[in-house]
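Q: Chains as they are written, first to last, in this note's numbering: chain S, 1 to 129; chain W, 1001 to 1166.
Hints may contain errors.
[Said to hold, decoys possible] The calculated label-pair distances, taken between Cβ atoms and stated as ranges, are:
#1 G1061/W / S125/S: 43 to 53 Å
#2 F1132/W / T3/S: 45 to 55 Å
#3 L60/S / G1061/W: 37 to 47 Å
#4 C18/S / A1147/W: 26 to 36 Å
#5 Q61/S / K1034/W: 26 to 36 Å
#6 T3/S / S1024/W: 28 to 38 Å
#7 S1021/W / Y28/S: 50 to 60 Å
#8 L5/S / G1055/W: 43 to 53 Å
#9 L60/S / I1137/W: 28 to 38 Å
What the hints contain is simulated information worked out from the structure, not anything from laboratory work.
Cβ coordinates follow ideal geometry from the N, Cα and C atoms, glycine included.
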Amino acid sequence: MLTRLERIIYAFLAAYVCCLLGLHALYYAGIFTAMERDPSAMIHATRTTFVCIFFTLISLQIVRRRPSGLIIVAAASYSAATFIEDFLVIESSFFLPEHPMAGVLYALRPLFLLMLVYWAVRRRSIEAT
Amino acid sequence: MSDKLSKEELEALRASTEAVSPNSIAYNLHIRSKLARGCFYGFNVCALAFLFASGTNVMEGWLSLVNAPPEEGVTDLRVRTLLIFVFFLWVNLALTFDRFYIEALASALSVYLYAIVTRFSQFYEHLTLDDFWPFSIFVLLRLIPLALLIVLIKEEVHRTKPDRAD
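Just chain S, same shape as in the assembly:
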């Protein structure tokens, strides 16, 4: 069972994931394009798939009332690794700077990463006791 704070974090993260996936869907549908040509569409498709898988797995575990701490830890590590990769290698990897919502999501990314890490630590500590 999630605590109140965890539920709030889950709601924020769900909103973040939905916005992200919405932007990706609009981009793939050709509604709008990126400011710069995306270096690798396959990497974004991979990331979208990973985000969907993690979100689905965490939600399923919560619904089934099974331990979800390890999956949240894995999701937090994955997010941190892609964050590092974005800043060290792939420029404009978050590839929708034209849209105002993309700018907000881009700016809030470290905050959501911190929330995910906090949730992972809290869930593991709850499940370990």
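We have chain S; now place chain W onto it with these hints.
A: Then chain W, alone, in the frame of chain S:
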């Protein structure tokens, strides 16, 4: 009260001082199964092999063997080497102090899966039938650490299970 210790007390003291510290890799490996120990050694060998190989031109040589874009592979390699070094340290330190070990393994697995998938998706457009053998070896080399990680996680989950039989 005499300052001298009896023979039994001396032996007990010697035994306690010679005992392995709980904060050591030897002790924490000893309390795990033989399979977990073997996989842990294998995982370390794979990580060290990658770290040594990434310092040489072996990777670039391999990239030229398969019909892949070399500039993408080389720039990616630095980040991948950094991440593998971080996870190598984390897993070893976590086992030494027996803290966050399973978390380290789960994190390593998720990032490694992402690395494999992005690498394959990066190359697949450029691969031809001539690249079959180099690419097969590449896939095999990638799958070995993946299998080791999965076995390590399974063993650790089994070990830390509250109601395990043994």
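Q: May I ask you to test the hint 26 to 36 Å on the CB atoms belonging to Q61/S and K1034/W?
A: holds, 31 Å
Q: Kindly confirm whether 50 to 60 Å is satisfied by the beta carbon distance between S1021/W and Y28/S.
A: Taking Cβ atoms as reference, S1021/W and Y28/S lie about 55 Å apart, which means the hint holds.
Q: That 26 to 36 Å hint for C18/S and A1147/W (C-beta), does it hold up?
A: This hint holds: roughly 35 Å between Cβ atoms.
Q: At the C-beta level, are F1132/W and T3/S separated by a distance inside 45 to 55 Å?
A: holds, 52 Å
Q: Could you check the hint for me, namely that T3/S and S1024/W are 28 to 38 Å apart, CB to CB?
A: Between T3/S and S1024/W, where Cβ atoms are some 36 Å apart, the hint holds.
Q: Return holds or violated for the Cβ distance of L5/S and G1055/W against the range 43 to 53 Å.
A: holds, 45 Å
Q: 28 to 38 Å was suggested as the range; check whether the CB atoms of L60/S and I1137/W agree with it.
A: The hinted range 28 to 38 Å holds for L60/S and I1137/W, with Cβ atoms some 36 Å apart.
Q: Starting from the hint 37 to 47 Å, judge whether the C-beta atoms of L60/S and G1061/W obey it.
A: Between L60/S and G1061/W, where Cβ atoms are some 43 Å apart, the hint holds.
Q: Within 43 to 53 Å or not, the Cβ separation of G1061/W and S125/S?
A: Because 46 Å falls inside the window, the suggested range holds.
Of the hints listed earlier, there is not a single one the structure fails to meet.
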